[in-house]
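Heads up: the sequence lines are chains A and B, in that order. Every number in this note's numbering is 181 more than the matching position in the first sequence, counting from 1. Every number in this note's numbering is 181 more than the matching position in the second sequence, counting from 1.
Don't take every hint at face value.
Since the list can't tell identical chains apart, any single copy or any two copies may satisfy a pair.
Unchecked claim - Cut-off 27 Å, straight-line C-alpha distance, at most; resulting in silico cross-link-like pairs (DSS-like, lysine-lysine):
(1) Lys570 with Lys339
(2) Lys199 with Lys670
(3) Lys575 with Lys243
(4) Lys575 with Lys199
(5) Lys570 with Lys243
(6) Lys339 with Lys199
(7) Lys264 with Lys575
(8) Lys622 with Lys602
(9) Lys570 with Lys227
Quick caveat, the hints were computed from the structure, so don't treat them as lab data.
There are 2 protein chains.
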Amino acid sequence: MGSSPVTLPFPSLIPVDKSSGVPVYLQIANGLIQQIRRGILQPAAKLPGTRAMAEALGVHRKTAVAAFEELHAQGWIESLPSKGTFVSRVMPEASPQKLDQPATTQHPAQTGFALRGNAHTSQPLVLYNGMLGFNDGFPDERLAPMEEIARTYRAIVKRSSARAYLSYVDTQGNPHLRSELSAHLNLTRGLHTSPDNLLLTRGSQMGIYLTAQVLIAPGDRVVVGDTNYFTADMTFRHAGANLVRVPVDDWGLSVNHVREVCQRQRIRAVFVTSHHHHPTTVTLCAERRIRLLSLAEEYGFAIVEDDYDYDFHYNSSPILPLLSADTKGMVIYIGSLSKAIAPAVRLGYVVAPPNLIREAAQLRRIIDRQGDAVMEQAIAELMHEGAIKRHLKKALRTYHQRRDFFCERLREKLGNEIDFKTPDGGMAIWAKFDPRIDLVKLSEKALQQKLHLSNGLRYNPEGQRLNATRMGFASLTLPEIEQSIDRLKKIMMN
Amino acid sequence: MGSSPVTLPFPSLIPVDKSSGVPVYLQIANGLIQQIRRGILQPAAKLPGTRAMAEALGVHRKTAVAAFEELHAQGWIESLPSKGTFVSRVMPEASPQKLDQPATTQHPAQTGFALRGNAHTSQPLVLYNGMLGFNDGFPDERLAPMEEIARTYRAIVKRSSARAYLSYVDTQGNPHLRSELSAHLNLTRGLHTSPDNLLLTRGSQMGIYLTAQVLIAPGDRVVVGDTNYFTADMTFRHAGANLVRVPVDDWGLSVNHVREVCQRQRIRAVFVTSHHHHPTTVTLCAERRIRLLSLAEEYGFAIVEDDYDYDFHYNSSPILPLLSADTKGMVIYIGSLSKAIAPAVRLGYVVAPPNLIREAAQLRRIIDRQGDAVMEQAIAELMHEGAIKRHLKKALRTYHQRRDFFCERLREKLGNEIDFKTPDGGMAIWAKFDPRIDLVKLSEKALQQKLHLSNGLRYNPEGQRLNATRMGFASLTLPEIEQSIDRLKKIMMN
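Okay, chain A solo, but in the shape it has when bound:
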């Protein structure tokens, strides 16, 4: 009581750097916390007043006041009326109780038990971000309306109604976004969905995963193309499926072969990327779509329709999804906003009858609990006011131009070495290399020259070497296309 404040060389203990990014009041608060932690400032020690502190440190008094307020809020100091300010008797940080064990200094290098092991997911993933070259067919994230999205996100959390999006929310996804998306799908794809038919997911990949998990019991057979989206293969296998492969030709999956398989054995599902087959980019023709639907009804299998790039078609009119003609509930439709906006915005969806949506949502609950409700609301508002549609239009025009330029240049410069068809839509071509060129070696050589070109092995059917790969064009500007093709040509000619 009435004691005098501690005298310490505060300026040397608490260096203030006004050019640092950290506000000065926080530098002071953090400096004082450090002295308390180190025991230089003891519990119950009386502190100088804010005026004296400000003078000692050469800062404005308001800054010292802000620092003390911060310390107070954090529980490091306490004020007694007309007595002054003291270091708290009870520290806000309790030092934890150590376990009575020999001290370790590093994390164990290996688990002390064996893992279950899962070969189906073991393909390593390498990123080539920032490297020139040809990816699998990614969108150009530079076109994405991220500023509008971030601005809307921020506006939402500032509203008094924000609370609704900040706590635990509906696992099925934000109702506004489901409503906007349902209307959008009905308008653009001839569907008849209501928000109850939609489950929002993290990108289409989670849609495929949830679908596989609610559908497949170990040993179930799933029909896929002899070439097929490799991540879908992994996902169905992880769920315990045996894959049955049928040929894919210029009109998509051979439905005659699907029929033959069904006549021999019981089939649980057929997986199709109907709009542009992954990896070969061909479109499943309308007549086969109808026949596949009839087969599904006849044999009772599910059709998993992954329509990841429906938004991007350049020449002919797109064919409506199989789901648009499904009257018996045979189709599970999976789509993505991540390809349409940017991979950073992880948003996809599953469209199916409510009984499947409910089961998938309940499973999602133990995987991921819920989506990003603020982001979902932001996208819903941007869809409502038209910003997403405007972005899609602009992206479509840009990618169309890039496809034309890319195909023209590639044909002109490497038309003898690479055989390809100009795809009707999508973001990549399927490039078949001349048999005299070893694509695996070429890919290694390219990497040494800082050019990304997939060796195509992951696109191969088991036991075959197609010597072909996907070459994405959508994420490259026209000068980048020119530069990439020129560099590839130089490497090939060396």
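On the provided structure of chain A, position chain B as indicated by the hints.
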């Protein structure tokens, strides 16, 4: 050529509403698109100039110019030098080809195939957002630094370096956040992690899911408490585990019982919520932690340590996690930033030796591909400058005060009807109701009076009725606590 522009009653076709939230230039652009779609404006029709259009619609000429620019960018109109502006000959929207099938008008009500069925995830989830009452122990999302997070998110996407976060990224999580988090865990929990030991997930739930999937083969035994976090139960069962239950007393999971189980049968893993057992809130004592670790080494089982609320302890010093004393790689440690910040920010983590982290990351790739890289970077930057730590300090003080007030009031008003211990930390109490009170009926009555009180059934061991439930206090302000308890008392006394 030289033809005159179409004459149409534009003001009646394109109503402009200056008070609407949609910019006027967009209203005009959208109105013109509608007329083009409806065929009122035909392909190749010549449009009036921007000056004439502006006059006709009563807007500034700049607004008409902006509308035309938008239409041009979207591909609806084209300009010919010194000829004027025309409706595009080739529409940017191709109308899709319909499938030749009888028209449907609604989505099928039911799948045409049976689902696999999965009883383990079938507990329905009901939300009581916005209703007064007692949840499972949620954080108060009103305290979360969402504005700082949103501001940082926006700042990141505006930077020229944003591209690195907007495309496909490392499935294991943002390296900056892993580095910040690793340092934070080492400092606060006596761990010895490096960023290679961390996998970022969507909340701790995804951590539990991935752990269960890389660990458990169908039929494996997992030891859990006789009361246990019900979502963990579901997750292990979904992976095919058989649960073996051991008693939980005032010092946590009975390790003697774990030993007895191990002597009888092979055990794959033990799941513990060591800091505060869910649901009963007791802390696993230090001595049992050491014995459990030795048992794990002796019998080769994994310890899955879910430390979801380590940040929140009020009285005693917290005991360091089991992982801090693990030298043999027996512990998989799971934590969460969602509880520490807000459920809306889905961020959790798994800490384990790199071999497990790699497998879990590869599995995550087929579930979810990657996290929200921009958000992860934002949290990393806020951790670096101290904002997350400041938030945690303030939340801790607030919850401490709420716990004290809640326990005092509840004891005072309903101390005879509800038996509970003041928990050392966490966000909820474990409330045992007098046997003469039927908690299930009380919960129904409360719901009718717009008060949320869980009936506690989901916390019960199989085949038992504990007549107990969790009552969360952290998300309630002091007046809300007062009001909730008063209303509960009134309902109980009626």
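Going down the list of hints, with the structure as the test:
1. Within a single copy, Lys570 and Lys339 get their C-alpha atoms as close as 25 Å, and across copies as close as 21 Å, so both meet the 27 Å cut-off.
2. Taking identical chains as interchangeable, the C-alpha atoms of Lys199 and Lys670 are never at most 27 Å apart, the minima being 54 Å within one chain and 56 Å between chains.
3. In this homomeric assembly, Lys575 and Lys243 come within 27 Å of each other (Cα to Cα) only across copies, at 21 Å, whereas the closest approach inside a single copy is 50 Å.
4. When the C-alpha separation of Lys575 and Lys199 is checked against a cutoff of 27 Å, the pair qualifies only between copies, where the shortest distance is 26 Å, while the shortest distance within a copy is 45 Å.
5. Within a single copy, Lys570 and Lys243 get their C-alpha atoms only as close as 49 Å, which misses the 27 Å cut-off; across copies the closest is 23 Å, which meets it.
6. Taking the closest pair of Cα atoms, Lys339 and Lys199 come within 27 Å of each other only across two copies (25 Å); inside a single copy the shortest separation is 30 Å, beyond that limit.
7. Taking identical chains as interchangeable, the C-alpha atoms of Lys264 and Lys575 lie at most 27 Å apart only when they sit on different chains, with a minimum of 25 Å there against 67 Å within one chain.
8. Taking identical chains as interchangeable, the C-alpha atoms of Lys622 and Lys602 lie at most 27 Å apart only when both belong to the same chain, with a minimum of 24 Å there against 69 Å between chains.
9. With identical chains, the CA atoms of Lys570 and Lys227 are at most 27 Å apart between copies only, with a shortest distance of 25 Å across copies and 63 Å within one.
In terms of the numbered hints stated before, the structure departs from hint 2 and from no other.
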